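Enquirer: The residues making up each chain are set out below.
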Amino acid sequence: MTSSQSVLASRNLVLPMSRDLMSGPDLPGILTARRGPHVEARRAVEAVGVTVVYERVPVLRDIDLAIATGETVALMGPNGAGKSTLLKSLVGAVRPTTGCVRWFENPSPRRIRTRRRIGVVGEEMGLYAELTVTENLRFAGRMFGVSTVSDRVASLLVECGLKAQADRPVGQLSLGTRQRVAILRALVHEPQFLVLDEPSCNLDEEGRSWLEGLFRRWRSSGRTLCFASHDATECRTLADRIVHLEAGRIVAIEPCGCPVDELRRSA
Amino acid sequence: MQARETANSLWWLIHKDLIREVRTPQVWPGMMLLGLVLVFLLATQLDLPLEQKGRVAGGLLWLAIFFAGTIACDRSFSSERDAGCWLTLSLYPIPPSVLFLAKLIVNFIALVALEIVLIPLFVALSDVSLASRPGPLILIAALGNVGFAAVGTVVSGLTCGLRHRGGLLALILLPLVIPVIFGTAEATRLLVMGQTDLQWGRWIQLLAVFAFVFTVIGALVFEFVVED
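Listed in order, the protein sequences are those of chains C and G.
Numbering-wise (my numbering), the first sequence opens with residue 1 and increments by one.
Numbering-wise (my numbering), the second sequence opens with residue 1 and increments by one.
Careful, some of the hints might be misleading.
Said to hold, decoys possible - Some chain C residues judged to face chain G by a derived CB distance under 7 Å, without partners named:
1. 93
2. 116
3. 120
4. 130
5. 145
Calculated from the structure, these hints are not laboratory results.
This one's a predicted model, so the numbers in the text were calculated from it and none came from an experiment.
In this text, a Cβ means the ideal position worked out from N, Cα and C, and glycines have one as well.
Whole structure, please, built from the sequences with the hints as guidance.
Expert: This is the structure:
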């Protein structure tokens with residue numbers, strides 16, 4: 001038993017690792033039973049036997065994971081556990097060495113139609129330092145084919161409290177503000193599935209509280225969320241399930257989070 | 001509708017790269033400086049009678065332009081990676097061929113800017129009458145630029161993900177574009193000698209075919225070229 005498993009076992013959190021539990025036909029039933037009939041139990045994304053090998057070193061090993069529409073899943077694990085690679089595999093940025101990933105029951109996450117439904121904040125923020133906040137967001141909106149991109153960007157900036165920074169080059173902003181802009185960039189096309197790699201790093205207390213509010217609104221609107229984090233409290237507060245990774249394997253899946261009805265009331 | 005969206009994406013990708021370069025020049029100053037040094041050395045050290053000078057001038061000029069142009073191609077994708085924008089860019093819902101074309105066009109524009117500076121300087125320093133017939137010279141430059149930029153963009157995509165890629169692009173790119181350098185040099189030599197006949201037309205055809213083939217191949221294979 002690994003160290004993570006030992007810790008989780010002491011809290012009765014280690015779950016049997018069967019493919020049926022995570023990605024098999026039982027998953028929609030499990031979710032519906034736990035979260036109520038209002039949650040659409042279609043799979044948003046499904047990784048089946050995903051192994052990723054970089055320069056002969058296996059980074060992910062035989063990962064089976066299905067995330068249902070409307071579900072929030074957090075990935076936790078030590079550095080090098082494979083969280084970022086798993087997120088990249090889920091969004092189609094890394095092609096699995098073996099296994100496959102299906103999005104919205106499509107065979108490939110690389111399809112343009114599928115990509116329009118996904119918002120991603122990676123390890124790196126993906127912002128152009130020479131462009132202003134507005135220009136970065138408008139560029140992303142135009143790439144996603146958002147028709148009223150100026151209005152959309154203006155409303156996002158107001159909502160996030162970044163209107164005063166709108167015309168400043170991103171390179172002049174603090175890391176926390178850049179992180180917020182990166183998250184807004186992922187939201188500009190109103191995706192159905194949001195994937196974030198350590199979204200709260202660099203954020204101050206106010207930023208974390210903004211992010212928490214965003215996650216809660218996101219969940220209550222029935223959209224899907226998957227994020228990686230080192231913050232156990234954040235994961236347990238915001239996620240339906242925590243997937244614990246270690247050395248490229250899923251070592252445990254921890255059910256947690258508050259019911260969606262409660263979140264709807266608080267949002 | 002889809003064609004319009006694709007054209008919009010193409011335009012905004014080019015616009016973004018040009019705005020970034022204008023606000024924080026990273027590529028063009030180095031490229032210009034290398035081009036200027038090469039042209040100055042080659043033009044001033046060419047101690048030959050004017051007729052013989054005209055025979056070799058085209059080759060030297062294009063060699064200088066394309067050698068300096070490797071800097072522009074080298075930064076096509078590495079600038080995205082260095083800025084931490086590659087993942088985001090690769091996940092936008094745009095066909096990889098559009099990304100390839102946008103980078104190709106930005107490289108083409110960089111080469112045009114380089115030529116606008118270097119060709120008049122070369123003519124002034126060497127006394128070779130390159131600019132007496134601007135139309136055919138522009139045709140040679142345009143076809144040469146497309147061919148060079150197409151291969152350069154593909155090679156840049158291939159090498160940008162490598163950890164130790166210093167100088168690798170030039171090592172791969174320059175042998176691949178020998179037909180372009182040879183074609184532009186020969187077409188320019190014939191132009192200087194006033195022989196824009198059938199033989200000149202064949203060199204132009206070679207440049208056109210090279211540019212077309214590598215643009216099409218680049219657009220088709222680009223998805224696999226830039227994969228992690």
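Enquirer: Run every hint past the structure and note whether it holds.
Expert: Structure-based check of all given hints:
1. 93: Given a least distance of 6 Å, the restraint on residue 93 of chain C holds.
2. 116: holds, 5 Å
3. 120: holds, 5 Å
4. 130: Constraint on residue 130 of chain C satisfied, holds at 4 Å.
5. 145: holds, 5 Å
Violated hints for the displayed structure: none, as all numbered hints are satisfied.
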